[in-house]
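**Student:** Residue-level listing of the chains:
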Amino acid sequence: MKHTHTNPEKEARKSLDLLNQLKRPDGNPYMFSRVNAALELREKAASGNPAQIWIFGLASLLFLINAFAWLQNMETSRTESLPAEILAEDYIHYQPMGIYEDDLTLVNYSNDTE
Amino acid sequence: MLNTCLGFVSNLQDAEDICQEVFVDVFRSMDTFEEASSLSTWIYRIATNKCLSFIRYRKRQKRAAFFKSLIGLDQAESLQVPDDSFHPGLSLENQERGKILFEKIRELPEKQQTAFVLNRVEGLEITEVASIMNSNRNAVDALLNRASRNLRKKLEAYYTNEE
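Going down the list, the protein sequences come from chains B and G. 152 is the number of the first residue of the first sequence in the working numbering; add one for each residue after it. 381 is the number of the first residue of the second sequence in the working numbering; add one for each residue after it.
Misleading hints may appear alongside valid ones.
[To be verified] List of simulated lysine-lysine pairs, DSS-like, C-alpha gap at most 25 angstroms: (1) G/Lys533 <-> B/Lys165; (2) G/Lys484 <-> B/Lys174; (3) G/Lys484 <-> G/Lys442; (4) G/Lys479 <-> B/Lys174; (5) G/Lys479 <-> G/Lys534; (6) B/Lys195 <-> G/Lys430; (7) B/Lys161 <-> G/Lys533; (8) G/Lys484 <-> G/Lys533; (9) B/Lys174 <-> G/Lys430; (10) B/Lys165 <-> G/Lys484; (11) G/Lys534 <-> B/Lys174.
Rather than coming from a laboratory, the hints here were simulated on the basis of the structure.
Only chain B is shown next, with the shape it has when bound in the complex (with noise of 0.2 angstroms):
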């Protein structure tokens, strides 16, 4: 909706002693009850709901008993592969072929004589 204002200033002059008239409202009556209401939820979420607290410690003790196996497992997957790699190298790049001859002379080949 428009208005028509004749002179600005004295509209203005007009919105500003209306701070002249303001009252004071009353307060609230239910107000003590609601500021208590308030305290008494903020103090219930800070204290936390005791199964919400059961909860989150079983949630805590099983990822920690998952990572120490999880742990355990990776040990001992590392422990058995080991020897197996040493072999490999050692058999591959650094045995000397010369340590099988004395392997041949250990063969009994007394059948072959007879």
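Given chain B, put chain G in place with the hints provided.
**Tutor:** Only chain G this time, still in chain B's reference frame:
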């Protein structure tokens, strides 16, 4: 307290909510009160900060609504923040004028707004306003002068455009 909050937000429900928050904060942080200033000054300070935060939050909401409506995230009308200003300290025939007045007070810079509301709406002495604002008497005087001048300009501009 309610009158001060109303001076800032000019809506009874919002003012009562802020009052409740103020009292809860006062109760919870009573141990930290250092008695460097009087209790009423401290409470006024908390109330002023809460009111200014509330106004900032409302402005942010309006800005977000505007941008969302621009990029078509939602219907513009559903995002508009309702402007249900109603000052119970004013008569019914002055409600419309009062709504414009308080809207223009909220457009003032925060310091000017605080000084103006505490002095002109709440009726506190300049020295009290100065101690609430952690300032001195001269600075508050200057703020009040600037606030009155700016407010008059804003109101005049509003009524000129309305013509």
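**Student:** Each hint needs a verdict: does it hold in this structure or not?
**Tutor:** Structure-based check of all given hints:
no.	hint	verdict
1	G/Lys533 <-> B/Lys165	holds, 13 angstroms
2	G/Lys484 <-> B/Lys174	holds, 20 angstroms
3	G/Lys484 <-> G/Lys442	holds, 16 angstroms
4	G/Lys479 <-> B/Lys174	holds, 15 angstroms
5	G/Lys479 <-> G/Lys534	holds, 14 angstroms
6	B/Lys195 <-> G/Lys430	holds, 23 angstroms
7	B/Lys161 <-> G/Lys533	holds, 12 angstroms
8	G/Lys484 <-> G/Lys533	holds, 10 angstroms
9	B/Lys174 <-> G/Lys430	holds, 23 angstroms
10	B/Lys165 <-> G/Lys484	holds, 14 angstroms
11	G/Lys534 <-> B/Lys174	holds, 24 angstroms
The structure meets every hint from the earlier list without exception.
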